[in-house]
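A.B. asks: This is what each chain is made of:
2 protein chains.
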Amino acid sequence: MVIQVDLEFLARDTGKAVGRGDLIIVIDVLRSGTTILNALTNGAQAAVPAMTLEEAYKLRRKHPEYLLAGERGGQKPKGFDLGNSPLEFTCQRVEGKTLVITTTSGTAALVRSKTAKWVLVGVFLNALAVARKAEQIAIRETIGVSFVLSGEKGRFSLEDFLCAGAIANGFASGKAHFSDKVQAALLVFKQAENNLIGNVMKAKHAEHLVQQGFKGDVAFSCSLNAFRTVPMYADGKIMLYQQTAPSSP
Amino acid sequence: MVIQVDLEFLARDTGKAVGRGDLIIVIDVLRSGTTILNALTNGAQAAVPAMTLEEAYKLRRKHPEYLLAGERGGQKPKGFDLGNSPLEFTCQRVEGKTLVITTTSGTAALVRSKTAKWVLVGVFLNALAVARKAEQIAIRETIGVSFVLSGEKGRFSLEDFLCAGAIANGFASGKAHFSDKVQAALLVFKQAENNLIGNVMKAKHAEHLVQQGFKGDVAFSCSLNAFRTVPMYADGKIMLYQQTAPSSP
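Heads up: the protein sequence lines correspond to chains A and B, in order.
Under this note's numbering, the residue at position 214 of the first sequence is numbered 214, and the numbers go up by one with no gaps.
Under this note's numbering, the residue at position 223 of the second sequence is numbered 223, and the numbers go up by one with no gaps.
Hints are not guaranteed to be accurate.
Just so you know, same-sequence chains aren't split out, so a pair can sit in one copy or run between any two.
Here are the simulated DSSO-like pairs of lysine-lysine, each with C-alpha atoms no more than 30 angstroms apart in a straight line [said to hold, decoys possible]:
(1) K237 x K58
(2) K153 x K190
(3) K58 x K78
(4) K204 x K117
(5) K204 x K16
(6) K153 x K237
(7) K175 x K202
(8) K215 x K76
(9) K175 x K215
(10) K190 x K204
(11) K175 x K204
(12) K153 x K175
(13) K175 x K190
(14) K153 x K16
Don't read these hints as lab results, they were simulated from the structure.
Taking the hints into account, I'd like the entire structure generated from these sequences.
C.D. replies: So this is what it looks like as structure tokens:
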């Protein structure tokens, strides 16, 4: 079989990927995807994405042990335990905890993909691991794969497109057929690969984060293939793949 | 001043670029943009884009001297003088003539941009010339520049995105600020530049044209910067820039 690999530029088009029955790889490099991956890799039990602050506060009232994490305008909202800086999510802070996470842009694509059977969280940090896992699942389930870029405030973002290319670059089965959008993402990544931080820094969102004092977050987010962990979103929460599907390959 | 340079992935979003008041660079590499450029460069007086076959036939009834050109499903429609193969548009066929051109995808972005003051036709063949002209006009008029990709049947096309990058690569004033989409196009082009035909051949539309026997058209369309002519769309017809604006620089 051939795995059809496609891409949606905007979170609002997540439904198109869901409609195709594809495995969905949600990408939000800066910063929620990177934050979720780092939190789970550092031992957090699960991350529950919430669309609104109200939803987050409500979840905490029901589960007082949950930690609230996220941002509005780049800053930690009132009453939250953690912001959206991946480096805050240390073992000491998050081990064994369930996090509720809500961000301006990053959680919309996740929440919109909740009816899909297979949803993975991909960033630069786990690009290769996500590619391998997505291929395995797509071949086993005979489904396609779609990247969905979270973008920033509904707009296309360069860093998420680059990341789609980084993941596409990791497809190794020789069974993947890339759409024009995925071909473009792959070319962009190959051109940027040798100076990933420098190229990500040209993105509007990265510039904005640097101005806000989050340069370290951008640099950390560009650590290509540093992790082998793959977050999966199912039943309303995100957990590492092996935890959610112990019987899978 | 800084020239804001943006991009619309799809012809149906042409109105967003028009709404910004930008100079619009309409891109349809395969094949209508290349065909129009070649026809005008070979001496055609003007090309009138038409959305439908009916509109084309109607224009000919009114102006029996017009030549009808274009395609449906890649083939020359009934009663047409010329198809949509740029190589058909020789001096012998088109010199001094006005053409009516209607294609499946290529003419939609043109027609949708008709209320914009400045609309240029950019392809690989005239990428550098279009970049220079667009910069001159944008600086003089203090407006932005938007690329609009014609795509294929309403979908994103790799070759048009690559071409936007080729044109962006020609901006030389140091006064252009590229959006994330334009940055991505530029990176794609730089990666593909040394094997432009090979990379364009990966595009779905190019594959399809090759299957239909139009490989020569694809190769010709990839002749980067072979021409210095710039078609401009104004008052419902496309003419070479110097013919339409003799007093401009």
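A.B. asks: Indicate, hint by hint, whether the structure satisfies it.
C.D. replies: Consistency of the hints with the structure:
Within a single copy, K237 and K58 get their C-alpha atoms as close as 16 angstroms, which meets the 30 angstroms cut-off; across copies the closest is 60 angstroms, which misses it. In the homo-oligomer, the alpha carbons of K153 and K190 lie at most 30 angstroms apart both inside one protomer (26 angstroms) and across protomers (28 angstroms), since each shortest distance falls under that limit. Only within a single protomer do K58 and K78 lie at most 30 angstroms apart by alpha-carbon distance; the minimum there is 14 angstroms, versus 65 angstroms between protomers. With identical chains, the CA atoms of K204 and K117 are at most 30 angstroms apart between copies only, with a shortest distance of 28 angstroms across copies and 33 angstroms within one.
In this assembly of identical chains, K204 and K16 lie within 30 angstroms of each other by CA distance both inside one copy and across copies; the values are 26 angstroms within and 20 angstroms between. With identical chains, the CA atoms of K153 and K237 are at most 30 angstroms apart within one copy only, with a shortest distance of 23 angstroms there and 38 angstroms across copies. Taking identical chains as interchangeable, the C-alpha atoms of K175 and K202 lie at most 30 angstroms apart only when they sit on different chains, with a minimum of 16 angstroms there against 33 angstroms within one chain. In this homomeric assembly, K215 and K76 come within 30 angstroms of each other (Cα to Cα) only inside a single copy, at 17 angstroms, whereas the closest approach across copies is 56 angstroms.
For a Cα distance limit of 30 angstroms, the shortest separation of K175 from K215 across copies, 26 angstroms, qualifies, whereas the shortest one inside one copy, 38 angstroms, does not. Proximity of K190 and K204 under a CA criterion of 30 angstroms is satisfied in both settings, with 20 angstroms inside one chain copy and 20 angstroms between copies. Proximity of K175 and K204 under a CA criterion of 30 angstroms is satisfied inter-copy only: 17 angstroms between copies versus 35 angstroms inside one chain copy. For a Cα distance limit of 30 angstroms, the shortest separation of K153 from K175 across copies, 26 angstroms, qualifies, whereas the shortest one inside one copy, 34 angstroms, does not.
Taking the shortest Cα distances, K175 and K190 sit within 30 angstroms of each other both inside one copy (20 angstroms) and across copies (27 angstroms). With identical chains, the CA atoms of K153 and K16 are at most 30 angstroms apart both within one copy (19 angstroms) and between copies (17 angstroms).
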